[in-house]
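Starting from the known structure of chain A, arrange chain B on it as the hints suggest.
Protein chains in written order, with the numbering used here: chain A, 1 to 306; chain B, 1001 to 1306.
The reader is advised that the hints may include incorrect statements.
Reference listing, derived: stretches of chain A covered by chain B, where coverage requires no fewer than 3 residues with Cβ under 8 Å from a Cβ of chain B [as the list claims (entries may be wrong)]:
{"hint": "1", "region": "11-22"}
{"hint": "2", "region": "42-52"}
{"hint": "3", "region": "56-66"}
{"hint": "4", "region": "74-82"}
{"hint": "5", "region": "98-107"}
Pairwise CB distance ranges (calculated) [to be verified]:
{"hint": "6", "chain 1": "A", "residue 1": "Pro16", "chain 2": "B", "residue 2": "Asn1028", "range": "25 to 31 Å"}
{"hint": "7", "chain 1": "A", "residue 1": "Asp120", "chain 2": "B", "residue 2": "Ile1112", "range": "35 to 41 Å"}
{"hint": "8", "chain 1": "B", "residue 1": "Ser1273", "chain 2": "A", "residue 2": "Gln285", "range": "42 to 48 Å"}
{"hint": "9", "chain 1": "B", "residue 1": "Glu1235", "chain 2": "A", "residue 2": "Pro16", "range": "29 to 35 Å"}
{"hint": "10", "chain 1": "B", "residue 1": "Asn1140", "chain 2": "A", "residue 2": "Gly179", "range": "57 to 63 Å"}
{"hint": "11", "chain 1": "B", "residue 1": "Asn1028", "chain 2": "A", "residue 2": "Ser216", "range": "38 to 44 Å"}
{"hint": "12", "chain 1": "B", "residue 1": "Lys1246", "chain 2": "A", "residue 2": "Ile239", "range": "53 to 59 Å"}
{"hint": "13", "chain 1": "B", "residue 1": "Asp1003", "chain 2": "A", "residue 2": "Pro16", "range": "19 to 25 Å"}
{"hint": "14", "chain 1": "A", "residue 1": "Ser174", "chain 2": "B", "residue 2": "Lys1099", "range": "56 to 62 Å"}
{"hint": "15", "chain 1": "A", "residue 1": "Gln177", "chain 2": "B", "residue 2": "Ser1273", "range": "31 to 37 Å"}
{"hint": "16", "chain 1": "A", "residue 1": "Asp120", "chain 2": "B", "residue 2": "Glu1235", "range": "53 to 59 Å"}
If you are wondering where the hints come from, they were derived from the structure by calculation, not from laboratory data. It should be emphasised that the depicted structure is a prediction, and the values quoted were computed from it without experimental measurement. Even glycine gets a Cβ: it sits at the ideal position worked out from N, Cα and C.
If you want the building blocks of each chain, they are given just below.
There are 2 protein chains.
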Amino acid sequence: MIDVCLLGTGGMMPMPNRYLTALLVRYNGKSILIDCGEGTQIALRKGGWSPKPIDVICFTHYHADHISGLPGMLLTMGNAERTEPLLLVGPKGLERVVKALRTIAPELPFEIEYHEIQGDDEEITLPDMKEFRIKPFKVNHNILCYGYSMHLDRVGKFDVERAKANNIEMKYWSRLQKGEIIEAEDGRTITPDMVLGEQRKGLHLAYVTDTRPTDSIVENVSGADLFICEGMYGEDDKIEKAVKNKHMTFYEAAEMAKRAGVEQMWLTHYSPSLVNPKEFLPKTQKIFKNTIASKDGRTTTLKFEE
Amino acid sequence: MIDVCLLGTGGMMPMPNRYLTALLVRYNGKSILIDCGEGTQIALRKGGWSPKPIDVICFTHYHADHISGLPGMLLTMGNAERTEPLLLVGPKGLERVVKALRTIAPELPFEIEYHEIQGDDEEITLPDMKEFRIKPFKVNHNILCYGYSMHLDRVGKFDVERAKANNIEMKYWSRLQKGEIIEAEDGRTITPDMVLGEQRKGLHLAYVTDTRPTDSIVENVSGADLFICEGMYGEDDKIEKAVKNKHMTFYEAAEMAKRAGVEQMWLTHYSPSLVNPKEFLPKTQKIFKNTIASKDGRTTTLKFEE
Chain A
1 MIDVCLLGTG GMMPMPNRYL TALLVRYNGK SILIDCGEGT QIALRKGGWS PKPIDVICFT
61 HYHADHISGL PGMLLTMGNA ERTEPLLLVG PKGLERVVKA LRTIAPELPF EIEYHEIQGD
121 DEEITLPDMK EFRIKPFKVN HNILCYGYSM HLDRVGKFDV ERAKANNIEM KYWSRLQKGE
181 IIEAEDGRTI TPDMVLGEQR KGLHLAYVTD TRPTDSIVEN VSGADLFICE GMYGEDDKIE
241 KAVKNKHMTF YEAAEMAKRA GVEQMWLTHY SPSLVNPKEF LPKTQKIFKN TIASKDGRTT
301 TLKFEE
Chain B
1001 MIDVCLLGTG GMMPMPNRYL TALLVRYNGK SILIDCGEGT QIALRKGGWS PKPIDVICFT
1061 HYHADHISGL PGMLLTMGNA ERTEPLLLVG PKGLERVVKA LRTIAPELPF EIEYHEIQGD
1121 DEEITLPDMK EFRIKPFKVN HNILCYGYSM HLDRVGKFDV ERAKANNIEM KYWSRLQKGE
1181 IIEAEDGRTI TPDMVLGEQR KGLHLAYVTD TRPTDSIVEN VSGADLFICE GMYGEDDKIE
1241 KAVKNKHMTF YEAAEMAKRA GVEQMWLTHY SPSLVNPKEF LPKTQKIFKN TIASKDGRTT
1301 TLKFEE
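Just chain A, with the same shape it has in the complex (with noise of 0.2 Å):
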């Protein structure tokens, strides 16, 4: 199961009653944030977590809004006196970008590793962690940006009889259902589909910001169980505003979340004009119903069908 925090919903600015969007995603003992923008350490520890313990911080693109709060968070954990190193994702240029912002954070007790996204088809996973797998790809904004898919896999039901067909030792069969490959006493090399049954449904999450409708994002979100999408405008008259500034309207996501077939979709986001974005959900949800206008501290856990 996975744990998702929306720890703030705002777009451009932070506001005293609604902080930059961001998300914190928790899976299996790692936390993931994905983008950093000013206050993010505030609404973190507004939801009783510590930044002390994120292991990958993801961003979208390098406008302020998205990672602004970098040094502070990374000053925030150094205070925390942790010492284990830092993940961070991003399009290219993230290694200039964050030692540019580290001019006011320049001492650390942990060191900083730099995943710098090449292409359009990259998974990154996590130490031990192979079920989990970060998909970046690309949207389409004014400068560099991608969205995030969060996939975790889970494997078939244990299969006793094909176990016994295949005639394996049921001192490996745990190993087995946990994924492992194992190199057998007698010399076989004995892999996970010969205990296991078809491989079951998993989770997706996806979280989708900055950018204008593609296809490749509904593409990317295909069948997410939980769709965060940003939506800057609710108002009719806003859509040139977005199409100019390369964002979304509220019934733009609706319309993507109904083509990629997601189960739910959270609202975030929104501009500062925006003040009840509640007010445009009906005609929102007549496009996808099940739409939901995020505020800050919005959280679920994703968990697995049965």
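Using the frame of chain A, we list chain B on its own:
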């Protein structure tokens, strides 16, 4: 009169109920901000102000908790379609640090002017506001750091007898009272002192943070109407930490306030570990009675006597 708002009272990191220490000062339609940490723009908005009309931002030093909010503040000013130039004042390195931070805020619709403090006897004034003098002075932190005194001068009372004795025509009186020097029609140069009595007591506001106590601070804040001073620690056993990190305890701040003979002291820049600053107030007030343990958003208006 001078309006003063202490936007935040925290040190090191912003927290949900304690923004980073920064001061907004308003005089005669001009707004001056001292320090701009992560979240300062949120605190500003919380107080009902806009960042757009800020004329000057002064920095004490370049630790992140005093400048990390600058890129966001600049962009928010830009989004508000500000076109007037913005003056930044700070220790040496100002332009280098700001340019690095502007990696994520490269395009702004207004100019930035830099004023790097050169020595310890500079006075900065704004156009048409010679009576309001900003005076930076060095303090003792682990990097170059300045405190700021702001002096509002007050001219003497208008002295009709003196004006008449000096044979000054009535048509010049109001301009002279405002401090203007006049080339009269008869060729004479008429100066304000020819119609005014002795200069009266003005106003003095001082802001000092991130330092050990020093004689120079006492000298520079001497007789201030309001002395805003860091008090990083309240607990008795934190004195070693204060010495090591080049900060102050409440009691050290109070000793300075007493020596400097200020009217009132506001404590600020609390350590995140200091949950309830008021707890240590009675002991502090035994040293300097007129001490306030400030909360975020504390405001006052300093007024001339009488």
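**Asked** Do the beta carbons of A:Ser174 and B:Lys1099 sit within 56 to 62 Å of each other?
**Response** The hinted range 56 to 62 Å holds for A:Ser174 and B:Lys1099, with Cβ atoms some 57 Å apart.
**Request:** Indicate whether the distance between the beta carbons of B:Lys1246 and A:Ile239 respects the range 53 to 59 Å.
**Result:** Because 54 Å falls inside the window, the suggested range holds.
**Message:** Tell me whether the statement that chain B covers the region 74-82 of chain A is true, taking a Cβ distance below 8 Å and needing three residues at minimum.
**Reply:** Answer holds; 3 residues pass the 8 Å Cβ test.
**Prompt:** Does the Cβ-Cβ separation between B:Asp1003 and A:Pro16 fall within 19 to 25 Å?
**Reply:** holds (20 Å)
**Request:** Take the C-beta atom of B:Asn1028 and the C-beta atom of A:Ser216, compute their distance, and say whether it sits inside 38 to 44 Å.
**Result:** violated (55 Å)
**Message:** Range first: 35 to 41 Å. Now tell me if the beta carbons of A:Asp120 and B:Ile1112 are that far apart.
**Reply:** holds (37 Å)
**Prompt:** Can the region 42-52 of chain A be counted as covered by chain B under the rule of three residues or more with Cβ-Cβ separation shorter than 8 Å?
**Reply:** holds (count 3)
**Item:** Satisfaction of the hinted span 53 to 59 Å by the C-beta atoms belonging to A:Asp120 and B:Glu1235
**Value:** Taking Cβ atoms as reference, A:Asp120 and B:Glu1235 lie about 54 Å apart, which means the hint holds.
**Message:** Quick check: does the Cβ-Cβ distance between B:Ser1273 and A:Gln285 fall within 42 to 48 Å?
**Reply:** Because 47 Å falls inside the window, the suggested range holds.
**Request:** May I ask you to test the hint 25 to 31 Å on the CB atoms belonging to A:Pro16 and B:Asn1028?
**Result:** Holds - the Cβ-Cβ distance for A:Pro16 and B:Asn1028, about 28 Å, lies within 25 to 31 Å.
**Request:** Examine the region 98-107 of chain A for residues whose CB is less than 8 Å from any CB of chain B, and state whether their number is three or more.
**Result:** holds (count 5)
**Asked** Measuring from beta carbon to beta carbon, are A:Gln177 and B:Ser1273 in 31 to 37 Å?
**Response** violated (46 Å)
Consistency with the previously given hints fails for numbers 11 and 15, ordered from lowest to highest.
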